[in-house]
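Residue numbers (the numbering used here), protein chains in the order written: chain W, 1 to 227; chain E, 1 to 103; chain R, 1 to 219.
Because the hints were derived from the structure by calculation, they are not lab data.
It is possible that part of the hints are untrue.
Stated by the list, open to error - Derived CB-CB ranges, DEER-like: (1) E:Phe85 <-> W:Thr70: 31 to 39 Å; (2) R:Gln124 <-> W:Val196: 24 to 32 Å; (3) W:Glu138 <-> R:Gln124: 26 to 34 Å; (4) W:Lys101 <-> R:Phe82: 53 to 61 Å; (5) R:Thr190 <-> E:Leu68: 38 to 46 Å; (6) W:Gly105 <-> E:Lys95: 33 to 41 Å; (7) W:Gly105 <-> R:Ser185: 50 to 58 Å.
Stated by the list, open to error - Covered by chain E, per the in silico footprint, the following chain W stretches (three or more residues, Cβ under 8 Å): (8) 62–68; (9) 72–82; (10) 136–146.
We put the beta carbon where it would ideally sit given N, CA and C, even for glycine.
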Amino acid sequence: MKVIPTALKSVYLLVPVAIIMAFLWAPPAQVLGDASRILYFHVPLAWVSILAFIVAGIFSIAYLVDKKHTFTGLDEKAYNSAALGLAFTILTVIAGSIWAKISWGVFWNWDPRETSIVIILLIYIAYFSIQGAMASSENRGMVGSAYLILAMVTLPFFAFLVPRIYPSLHPDPIINADRKIFLDDQMRSTLAVAIVSFTMLYCYILHIMNRMMKLKKHIEEIYHDAD
Amino acid sequence: MTLIKTRVILPFIVLLLFTAGAGIPADTAGGQSITMLAATDLHAQEIQKPDQTVSHDQEKKPEPSKTLYQVMGVVLIIWAGIAFFLFRLDRRVAKLENQVKIK
Amino acid sequence: MGRDILRNIQKDFLVEFRSRFALNVSASFAAIVTIAISLTAGGVPFPVPVQSILLWIVIFFSAMNGLSHIFVREEDQATALFLRISVSVDSIFISKFIFNQVFMVIILAVVTPLFLFFLQVQVQHVAYFIFSIMAGGFSIAAATTILAAMVAKAGGKGSLFTIISFPILLPVLWISISSTSAALSTPPPTGGNLLFLLAFSGFISVISFLLFRFVWLDD
Numbered sequence: 001m002k003v004i005p006t007a008l009k010s011v012y013l014l015v016p017v018a019i020i021m022a023f024l025w026a027p028p029a030q031v032l033g034d035a036s037r038i039l040y041f042h043v044p045l046a047w048v049s050i051l052a053f054i055v056a057g058i059f060s061i062a063y064l065v066d067k068k069h070t071f072t073g074l075d076e077k078a079y080n081s082a083a084l085g086l087a088f089t090i091l092t093v094i095a096g097s098i099w100a101k102i103s104w105g106v107f108w109n110w111d112p113r114e115t116s117i118v119i120i121l122l123i124y125i126a127y128f129s130i131q132g133a134m135a136s137s138e139n140r141g142m143v144g145s146a147y148l149i150l151a152m153v154t155l156p157f158f159a160f161l162v163p164r165i166y167p168s169l170h171p172d173p174i175i176n177a178d179r180k181i182f183l184d185d186q187m188r189s190t191l192a193v194a195i196v197s198f199t200m201l202y203c204y205i206l207h208i209m210n211r212m213m214k215l216k217k218h219i220e221e222i223y224h225d226a227d
Numbered sequence: 001m002t003l004i005k006t007r008v009i010l011p012f013i014v015l016l017l018f019t020a021g022a023g024i025p026a027d028t029a030g031g032q033s034i035t036m037l038a039a040t041d042l043h044a045q046e047i048q049k050p051d052q053t054v055s056h057d058q059e060k061k062p063e064p065s066k067t068l069y070q071v072m073g074v075v076l077i078i079w080a081g082i083a084f085f086l087f088r089l090d091r092r093v094a095k096l097e098n099q100v101k102i103k
Numbered sequence: 001m002g003r004d005i006l007r008n009i010q011k012d013f014l015v016e017f018r019s020r021f022a023l024n025v026s027a028s029f030a031a032i033v034t035i036a037i038s039l040t041a042g043g044v045p046f047p048v049p050v051q052s053i054l055l056w057i058v059i060f061f062s063a064m065n066g067l068s069h070i071f072v073r074e075e076d077q078a079t080a081l082f083l084r085i086s087v088s089v090d091s092i093f094i095s096k097f098i099f100n101q102v103f104m105v106i107i108l109a110v111v112t113p114l115f116l117f118f119l120q121v122q123v124q125h126v127a128y129f130i131f132s133i134m135a136g137g138f139s140i141a142a143a144t145t146i147l148a149a150m151v152a153k154a155g156g157k158g159s160l161f162t163i164i165s166f167p168i169l170l171p172v173l174w175i176s177i178s179s180t181s182a183a184l185s186t187p188p189p190t191g192g193n194l195l196f197l198l199a200f201s202g203f204i205s206v207i208s209f210l211l212f213r214f215v216w217l218d219d
């Protein structure tokens, strides 16, 4: 039980290492030059925002399946993960649009990737609206979890749909013939370190949030007992 | 009862998903699969798009410039702030946990 | 169960058509928006993609005005508790689902002719146009049934229903817009879009059927 929190503390070491590697060790990309270093922040952020979304979905499913309440606070854990995911998604969008400005000249052009991240953003916003509207209800966890699952199961349809819709809105082909990424070994390992460290950061913050949630519940119980 | 229902319904869901896939012409649907959302290939397009970018980027020198160090310094300082905040938060939560357990 | 469903539908229709509240709101909203668009356009016909986008925006928002009423009414009039006690979860879901579908068909029957009438739309493939409108409406009503129950649980607060429906209905709107504009333009359309809409609505109905008990029943 003590091993995981200690392992999570490695973010204090991992993130600076990832930053230094991204700026000094990795070579600049051929065409983009030093601006390509956003890659080592943008891709991990996007990965974490999707990971947070999946984790929130898994917690929601577990909450609905677990009828005897063998685990406590699964709905709140899903909520915490979604809150973190929302923050990371917004950061992803900001980093991505800066990069888009540098490489394509515009901040936003409804590229399929941008569309998928916006859909996730919309789902988060809807989830938090429904959670906020039900703030004082005991059905909050159930309804929120049901909504998150419902939103998650529609995502495969977007996977079918987005590449199909795009030719109609974009006359110029965005998806090129060669979909290979040109990354050498140094870039690849930097990216790997960055992804690992951002995932650890997500887990660490989620861990702290869950502990705070547990504390809050505990203190409320004490308060009620004293009454 | 619920279990039986689930067992009947799940194959139906799979079938529906396949139908949805079949509704899309093969050449477009095959291009990107569900892994589109998996983000590991998120950068696939970002890299290859610069076809349209101006070519003067290529003439830049490969060695790191002064700005690079400055940007890195700023990012490291921001991270130091976040790390300090996180560390304090962690310690406070741990303290509170201990106090609550004593009671 | 079959008799429960039938009785429930009958009751819903009786209550709804006694006041016709939701229907009136949706239909008048559709009429006002269509007339406003037509008036500001000044009689100039729009290009085909714009026409289909506008048509689906009008349909979407008029549906959003009425479709949540079916569950919000139960909570408002405090009849939800009795319904929960007396009728099983599945039959409630099925009856409300059917009611919403009928409601959606009525909205479509009001909105589409109005739109065609006021905005000078030239339909090239009539059968395909009707099918794509129906399939899109079917998907919208299918997806919003459970969302209406969620909104009713949250107190039926105004625009919350639109906010939570939009991300889920986005694929439906996209595909419906593209199939409608295919029906309005000359080259013969293919059936892929309609198949997609039907598969989506089937899929979302099954998932909502499974999830409905968690939303409807209290802990």
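Okay, the hints, checked on the actual structure:
no.	hint	verdict
1	E:Phe85 <-> W:Thr70: 31 to 39 Å	holds, 34 Å
2	R:Gln124 <-> W:Val196: 24 to 32 Å	violated, 55 Å
3	W:Glu138 <-> R:Gln124: 26 to 34 Å	violated, 54 Å
4	W:Lys101 <-> R:Phe82: 53 to 61 Å	holds, 58 Å
5	R:Thr190 <-> E:Leu68: 38 to 46 Å	violated, 53 Å
6	W:Gly105 <-> E:Lys95: 33 to 41 Å	violated, 51 Å
7	W:Gly105 <-> R:Ser185: 50 to 58 Å	violated, 32 Å
8	62–68	violated (count 0)
9	72–82	violated (count 0)
10	136–146	violated (count 0)
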